[in-house]
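Going down the list, the protein sequences come from chains A and B.
Heads up, the first sequence is in this note's numbering, so the first residue is 1 and it goes up one at a time.
Heads up, the second sequence is in this note's numbering, so the first residue is 371 and it goes up one at a time.
FYI, nobody ran anything at the bench for these hints, they're computed from the structure.
Beta carbons: idealized from backbone N, C-alpha and C, even for Gly.
Fair warning: there could be bad hints in the mix.
[What the hints assert, rightly or not] What follows is a list of derived Cβ distance ranges for each label pair: (1) B:Arg467 to A:Ile87: 38 to 46 Å; (2) B:Val519 to A:Pro108: 53 to 61 Å; (3) A:Gly355 to B:Arg372: 19 to 27 Å; (4) B:Glu500 to A:Arg174: 49 to 57 Å; (5) A:Ala153 to B:Glu712: 36 to 44 Å; (6) A:Asp352 to B:Gly423: 50 to 58 Å; (7) B:Val519 to A:Arg344: 36 to 44 Å; (8) B:Arg467 to A:Asp89: 35 to 43 Å; (9) A:Pro88 to B:Glu672: 22 to 30 Å; (10) B:Arg583 to A:Gly103: 36 to 44 Å; (11) A:Pro305 to B:Gln471: 28 to 36 Å.
[What the hints assert, rightly or not] Anything over 10 Å on all C-beta distances counts as not near chain B; from chain A, calculated: (12) Pro283; (13) Ala284; (14) Val343.
Each chain, letter by letter, is given below.
Protein chains: 2
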Amino acid sequence: MRTPLCDTLGIDVPIIGFTPSEHVAAAISRAGGLGVLGCVRFNDADELDKVLGWMDANTDGRPYGVDVVMPSKIPTEGSSVDLAELIPDGHKAFVERTLAQLGVPELPDGTDERAGVLGWLHSVARSHVEVALRHPIALIANALGSPPVDVIAQAHERGVPVAALAGKAEHAVRHVDNGVDFVVAQGYEAGGHTGEIASMVLLPEIVDAVGERAPVLAAGGIGSGRQAAAALALGAAGVWTGSIWLATREYLETMPDSEPMQQALVAASSSDTVRTRIYTGKPARLLRTRWTEAWAAPDAPEPLPMPLQNLLVSHAHNRIHAAADPSVVSMPVGQIVGRLNEVRAVADVVADLVGGFEAAVDRVAGIRRA
Amino acid sequence: MRTPLCDTLGIDVPIIGFTPSEHVAAAISRAGGLGVLGCVRFNDADELDKVLGWMDANTDGRPYGVDVVMPSKIPTEGSSVDLAELIPDGHKAFVERTLAQLGVPELPDGTDERAGVLGWLHSVARSHVEVALRHPIALIANALGSPPVDVIAQAHERGVPVAALAGKAEHAVRHVDNGVDFVVAQGYEAGGHTGEIASMVLLPEIVDAVGERAPVLAAGGIGSGRQAAAALALGAAGVWTGSIWLATREYLETMPDSEPMQQALVAASSSDTVRTRIYTGKPARLLRTRWTEAWAAPDAPEPLPMPLQNLLVSHAHNRIHAAADPSVVSMPVGQIVGRLNEVRAVADVVADLVGGFEAAVDRVAGIRRA
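Construct the complete structure from the given sequences, taking the supplied hints into account.
See the structure below:
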């Protein structure tokens with residue numbers, strides 16, 4: 001299972017795994033893929049620096065990447081205190097009322113709370129890039145499309161290629177025009193920020209639109225070797241996976257209190273997701289739980305624009321996480337969640353993707369010959 | 371490009387083509403696939419009988435099928451006059467007002483108007499089945515899932531297999547439990563009635579859920595050989611295509627006044643569809659035009675349940691069709707519409723699907739060996 005992308009990135013199999021967990025990212029890289037660490041959880045660049053130091057020591061010299069969240073248009077900036085003044089009281093009251101109705105308790109006094117908003121700020125994302133470029137990273141990906149051209153230039157100066165997510169062919173072309181090296185074609189079925197065009201249609205459209213100018217990675221709906229084979233048949237140079245790494249044992253090493261979330265994922269079917277603006281202000285696919293249902297009710301307010309919506313719900317996310325109730329989870333995940341039926345080791349997931357790919361290709365090659 | 375389905379159905383390539391045009395259906399069958407004629411346009415069973423007689427004479431002895439629209443739960447029955455009384459005046463006024471705003475003229479006096487509702491009635495769909503079974507059909511497909519078990523038994527008595535569309539794995543299992551022979555896995559990206567799970571996720575889920583009990587056909591997003599290869603890699607026994615046949619020369623032989631519709635399809639991108647209840651009362655993907663946009667406006671009423679919504683809009687559809695304005699089309703089509711860039715001959719479309727499939731499989735087989 002080798003494509004030219006393997007040589008470009010120095011990996012064995014064209015499987016890119018996005019995850020907020022350094023333990024998962026390192027395990028993906030050690031298994032021959034490319035682990036990509038999501039940086040949005042790091043409000044403090046020094047904390048990211050330490051974690052990337054850990055990655056350097058735990059990837060056996062295999063390549064890894066980082067993922068930042070940088071809107072192409074710079075949104076409202078400011079400290080979380082300034083921004084909080086822009087949030088309507090009605091929205092705050094709805095969140096408080098909803099948490100009470102869902103039985104989500106207050107945090108204990110003295111809890112050291114993360115301010116969930118900061119990673120979504122442009123300045124913080126820039127500090128992530130600066131810190132990451134001090135480490136031997138193999139890729140910088142931006143979840144919200146093309147980063148500003150000076151950020152791309154900064155990465156290229158250090159010899160680091162840049163990937164950008166795209167949900168439409170015209171966006172993919174714009175990214176490549178801006179100097180982006182890889183396009184991640186993110187289909188409707190994907191978790192997190194996503195558009196409306198499904199992978200089956202989007203992927204070959206983007207492959208044709210960018211042509212020889214950039215390899216395209218398939219994101220959205222990839223959780224098995226059959227799906228990897230389908231993605232490569234559609235013209236992808238590799239697969240970009242995310243949701244499947246949430247249900248791994250290594251995830252618990254980074255976030256040991258994530259068992260209720262994993263239980264909720266394992267129980268969910270492919271119908272149990274919803275595409276909504278309640279997580280960040282932009283449409284993102286989340287696990288459907290009592291929390292997302294409350295926001296879909298007729299009395300719920302419209303979500304706020306990025307970055308205000310994440311600021312509005314970040315305290316709620318902390319309370320929801322602490323409540324440890326699988327029925328009230330707030331977690332981005334794709335429709336592939338229906339395939340997550342147990343918590344597994346990262347190396348087993350990689351091995352299954354490769355084995356399933358080989359079996360699927362052998363099957364279609366038999367149909368080709370028949 | 372042969373699967374066991376080819377032997378079961380007596381076809382050369384596992385490409386099933388759904389179309390309301392007998393000229394297209396016959397051309398698909400002559401090209402080695404299975405043309406499936408949509409029956410919903412026939413209010414009068416005798417008219418269907420005549421058209422199937424034409425099919426018998428124009429398919430060179432190659433197999434063909436029919437597609438009926440039969441909800442598993444029998445909806446409101448009655449003549450169009452009875453049913454019309456159930457339509458709120460506010461809905462009628464909205465339609466009239468909207469047509470005026472869109473510049474869609476009244477029909478000329480004396481126009482012989484089709485009552486568009488009848489094909490959606492259960493009794494009419496039953497008459498379609500009875501007429502079709504007098505012809506040497508190779509398949510009866512039901513666009514709305516499992517037909518009643520007595521209809522399945524009636525088909526089986528004549529040796530005719532039954533296919534049913536499914537948008538969820540649990541529905542597919544229920545269809546097979548009812549005696550359905552083939553499942554059509556209809557992904558979110560498909561035109562017409564469709565669910566929310568995209569093909570990349572839905573198809574392997576349905577393949578695994580029904581196992582050896584029934585072959586699964588992939589519907590939704592299939593318009594090129596690469597997509598056919600992806601579908602077969604995901605476990606499909608064949609592909610079910612619909613939208614791509616709307617932009618064929620043969621379509622104009624059946625419906626010569628469809629050039630404005632074809633112009634609209636050729637101009638559309640994959641972003642130019644919308645999943646809405648305005649066509650039949652159930653969610654269906656349509657071309658996004660000024661007509662669908664009017665129904666998405668804040669002042670638009672909620673669509674009525676099936677079969678009332680189609681009765682409400684059937685006169686509007688006739689006026690829209692006669693207006694011949696590509697910006698006000700009412701046409702079910704999938705996201706693959708972005709690929710329809712010219713009007714082609716059916717045989718060329720089939721040849722491209724087969725050639726593209728072969729090239730895609732050769733490419734992934736190379737990746738497998740590398």
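Here is how each hint holds up against the structure:
no. : hint                             : verdict
1   : B:Arg467 to A:Ile87: 38 to 46 Å  : holds (39 Å)
2   : B:Val519 to A:Pro108: 53 to 61 Å : holds (58 Å)
3   : A:Gly355 to B:Arg372: 19 to 27 Å : holds (25 Å)
4   : B:Glu500 to A:Arg174: 49 to 57 Å : holds (56 Å)
5   : A:Ala153 to B:Glu712: 36 to 44 Å : holds (41 Å)
6   : A:Asp352 to B:Gly423: 50 to 58 Å : holds (53 Å)
7   : B:Val519 to A:Arg344: 36 to 44 Å : holds (41 Å)
8   : B:Arg467 to A:Asp89: 35 to 43 Å  : holds (39 Å)
9   : A:Pro88 to B:Glu672: 22 to 30 Å  : holds (28 Å)
10  : B:Arg583 to A:Gly103: 36 to 44 Å : holds (43 Å)
11  : A:Pro305 to B:Gln471: 28 to 36 Å : holds (31 Å)
12  : Pro283                           : holds (14 Å)
13  : Ala284                           : holds (16 Å)
14  : Val343                           : holds (20 Å)
Going through the hint list in order, the structure satisfies each hint without exception.
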